[in-house]
Amino acid sequence: MTLLFAVLGSRKETAIFNTELFVSFITAISYIIMASGVLTITASNGQLVYWSRWLFYIVSCGLLATDIALHKGLPSKKVIEIGLYTGLTMFAGFLASVFLTVEKWWFFALSSIAFIALLVELRRGENTPVMSRILAFVAITWTLFPVVFVLAPTGFGIIDTLTEVVLYGLLDLITKIIFGLYMTTKVKQ
Amino acid sequence: MTLLFAVLGSRKETAIFNTELFVSFITAISYIIMASGVLTITASNGQLVYWSRWLFYIVSCGLLATDIALHKGLPSKKVIEIGLYTGLTMFAGFLASVFLTVEKWWFFALSSIAFIALLVELRRGENTPVMSRILAFVAITWTLFPVVFVLAPTGFGIIDTLTEVVLYGLLDLITKIIFGLYMTTKVKQ
Amino acid sequence: MTLLFAVLGSRKETAIFNTELFVSFITAISYIIMASGVLTITASNGQLVYWSRWLFYIVSCGLLATDIALHKGLPSKKVIEIGLYTGLTMFAGFLASVFLTVEKWWFFALSSIAFIALLVELRRGENTPVMSRILAFVAITWTLFPVVFVLAPTGFGIIDTLTEVVLYGLLDLITKIIFGLYMTTKVKQ
Chain A
1 MTLLFAVLGS RKETAIFNTE LFVSFITAIS YIIMASGVLT ITASNGQLVY
51 WSRWLFYIVS CGLLATDIAL HKGLPSKKVI EIGLYTGLTM FAGFLASVFL
101 TVEKWWFFAL SSIAFIALLV ELRRGENTPV MSRILAFVAI TWTLFPVVFV
151 LAPTGFGIID TLTEVVLYGL LDLITKIIFG LYMTTKVKQ
Chain B
1 MTLLFAVLGS RKETAIFNTE LFVSFITAIS YIIMASGVLT ITASNGQLVY
51 WSRWLFYIVS CGLLATDIAL HKGLPSKKVI EIGLYTGLTM FAGFLASVFL
101 TVEKWWFFAL SSIAFIALLV ELRRGENTPV MSRILAFVAI TWTLFPVVFV
151 LAPTGFGIID TLTEVVLYGL LDLITKIIFG LYMTTKVKQ
Chain C
1 MTLLFAVLGS RKETAIFNTE LFVSFITAIS YIIMASGVLT ITASNGQLVY
51 WSRWLFYIVS CGLLATDIAL HKGLPSKKVI EIGLYTGLTM FAGFLASVFL
101 TVEKWWFFAL SSIAFIALLV ELRRGENTPV MSRILAFVAI TWTLFPVVFV
151 LAPTGFGIID TLTEVVLYGL LDLITKIIFG LYMTTKVKQ
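Residue numbers (the numbering used here), protein chains in the order written: chain A, 1 to 189; chain B, 1 to 189; chain C, 1 to 189.
One chain only, chain A, in its complex shape (with noise of 0.2 Å):
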């Protein structure tokens, strides 16, 4: 288990972009602790929930949405709010995935308007073609995960923990490997 992250690991370190390169190191950080099994706590069907990825997402998530915003050429005071939106939309989500109580919603709730914000605030200044389908891949993406939330143990326990491990990780493959990828090699030249 271990040995197929590394090797993931090591692969994703070709991705050669410096934000891309950060997100990938970061990434693989974040599944080698889930491998591991730490940090994690039981919900109250039994199942695990591995609430570290959302501590590791502040960081990703937040080069990547910064890395739009710079890309889109937005002032400095705009990308460091994206930025703040971002970390508070994965913090809250932090939040919501560790509280096993109705407290839980809160947090969640505040996460999805910081989340709503941040998609606002991306939008803004013009929208090349390539720009807007940029964003609206992100959009689409980027909601999937709290789809999966709300779906896996750390929701209404609709689907199982491996099923969320899996879904999540395909999510994390495609938002953040292949999207840092067509970062690199087609917007960013």
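These are calculated hints, taken from the structure and not from any lab test.
Hints should not be assumed to be uniformly reliable.
To be verified - Derived DEER-like restraints, expressed as beta-carbon distance ranges:
no. : chain 1 : residue 1 : chain 2 : residue 2 : range
1   : A       : Val130    : B       : Glu126    : 38 to 48 Å
2   : C       : Leu135    : B       : Val166    : 33 to 43 Å
3   : B       : Ile178    : A       : Leu171    : 34 to 44 Å
4   : B       : Gly46     : A       : Thr141    : 45 to 55 Å
5   : A       : Phe137    : B       : Leu171    : 41 to 51 Å
6   : B       : Leu171    : A       : Leu162    : 43 to 53 Å
7   : C       : Val166    : A       : Arg133    : 49 to 59 Å
Said to hold, decoys possible - BS3-like, lysine-lysine: derived pairs with alpha carbons at most 25 Å apart:
no. : chain 1 : residue 1 : chain 2 : residue 2
8   : C       : Lys78     : B       : Lys77
9   : B       : Lys78     : C       : Lys78
10  : A       : Lys186    : C       : Lys77
11  : A       : Lys77     : B       : Lys78
12  : C       : Lys72     : B       : Lys78
13  : A       : Lys72     : C       : Lys72
14  : B       : Lys104    : A       : Lys78
15  : B       : Lys72     : B       : Lys186
16  : B       : Lys77     : A       : Lys78
17  : C       : Lys72     : B       : Lys77
18  : A       : Lys78     : B       : Lys186
19  : B       : Lys72     : A       : Lys77
20  : C       : Lys186    : A       : Lys77
Heads up, the beta-carbon is just placed ideally off N, CA and C, and yes, glycines get one too.
Assemble the complex: chain A is given as a structure, and chains B and C must be docked to it using the hints.
Quick look at chains B and C alone, frame taken from chain A:
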């Protein structure tokens, strides 16, 4: 209890402008966590110590202090410095609240030194009458936090946890929400 | 013990300039925590592991590295990148010290890669003779930290915790306090 904070939280979100909105968000999260009763320790006099607030102050007060610094037009190196001093003040404050042994007072001293450095840095540059009033307001109201700290179970335990929570709540209301509304409506136009 | 560190701490605060003062502050906090004996785990050979130092290195070494980068006049994007590489090095180092299982070495490898990336980035741009000497100093002295890590109970346990603490203490004195004084008095004028 949680409901009360949620209502408070949603009301806070009407403070529309950026920094002030973030601060309200983070304060709301901090209060939901405190209302849930986790992240506390019991002082030697049997009273609860809510140490998590100081971690949230790193971000909320850091944003407020850098916002004032930006508004004064200080150079970005100074703004970063002010953010770091604020973070140091609150982080040492967190350590002072979490340690029940004599080390507590070393952290309290470090926090106080960083706080004084913060106030000194914030006074730099030209001060309009409005800015002088803002700085005096910050100097006085923020100084009341360590006063409560010393009186509360985190310090000598002269007042109990309930009184402490009410006093901090009032101070948070004044220094974060009302101050935020003032900055948004009167200063930033 | 605490008193000793407090005296050390106050002496450190005489390094008046900004970044160097912060670094001394943070180092002082880190040592008070280690002197108090909390935030440690016991390695399989029964020796204590002080993992908290690596978290403080994120801030202190991050500030030192970005300070060097700023002093070289590197563009702000590069400075941020250098800060991120330093943070990654220390955060992976923290994970390597906190994990007692085989995952430890994955984090050690990630930390080493980030450290090499950091050194490569710091060499960019023009290097005056003084700057070349500073960079050589950083490359050599900072590399001794992972050497101690491998020899200490965090690694193969060839040296014991006391020797480790003394060696790290000497390295911290050289790389943070003496280096800070050198930067303040010789370079920054």
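Verification of the supplied hints:
Taking the beta carbon of each, A/Val130 and B/Glu126 are about 45 Å apart, inside 38 to 48 Å as hinted. A C-beta distance of roughly 54 Å is found between C/Leu135 and B/Val166, which places it outside the suggested range of 33 to 43 Å. B/Ile178 and A/Leu171 have their C-beta atoms about 41 Å apart, which keeps the hinted 34 to 44 Å range intact. Taking 45 to 55 Å as the suggested C-beta distance range, the pair B/Gly46 and A/Thr141 conforms, at roughly 50 Å.
A beta carbon spacing of about 44 Å between A/Phe137 and B/Leu171 agrees with the range 41 to 51 Å that was offered as a hint. A hinted range of 43 to 53 Å holds for the C-beta pair B/Leu171 and A/Leu162, which are about 47 Å apart. Here the CB-CB span from C/Val166 to A/Arg133 is close to 58 Å, well matched to the stated 49 to 59 Å. The straight-line distance between the Cα atoms of C/Lys78 and B/Lys77 is roughly 16 Å, inside the 25 Å bound, and the hint therefore holds.
Of the pairs offered as hints, the one joining B/Lys78 and C/Lys78 holds, with about 20 Å between alpha carbons and a cut-off of 25 Å not exceeded. Taken as a hint, the A/Lys186 and C/Lys77 pair is honoured in the structure, with Cα atoms around 21 Å apart against an allowance of 25 Å. At roughly 16 Å between alpha-carbon atoms, A/Lys77 and B/Lys78 fall within 25 Å of each other, so this suggested pair holds. For a cut-off of 25 Å, the pair hint linking C/Lys72 to B/Lys78 stands: about 19 Å separates their Cα positions.
For the hint linking A/Lys72 to C/Lys72, the alpha-carbon distance of about 28 Å lies beyond 25 Å, and the restraint is violated. For a cut-off of 25 Å, the pair hint linking B/Lys104 to A/Lys78 is broken: about 39 Å separates their Cα positions. Proximity of B/Lys72 to B/Lys186 is assessed by CA-CA distance (about 15 Å); at most 25 Å being required, the pair is judged to hold. Among the hinted pairs, B/Lys77 with A/Lys78 is consistent with the structure: their alpha-carbon atoms are about 19 Å apart, no more than 25 Å.
Between the alpha carbons of C/Lys72 and B/Lys77 the distance comes to roughly 15 Å, so the proposed pair stays at or under 25 Å and holds. Between A/Lys78 and B/Lys186, the direct Cα distance comes to roughly 22 Å. Compliance with the 25 Å bound is thereby established for this hinted pair. A hinted pair counts as satisfied when its Cα atoms are at most 25 Å apart, and B/Lys72 with A/Lys77 qualifies at roughly 15 Å. Taken as a hint, the C/Lys186 and A/Lys77 pair is broken in the structure, with Cα atoms around 35 Å apart against an allowance of 25 Å.
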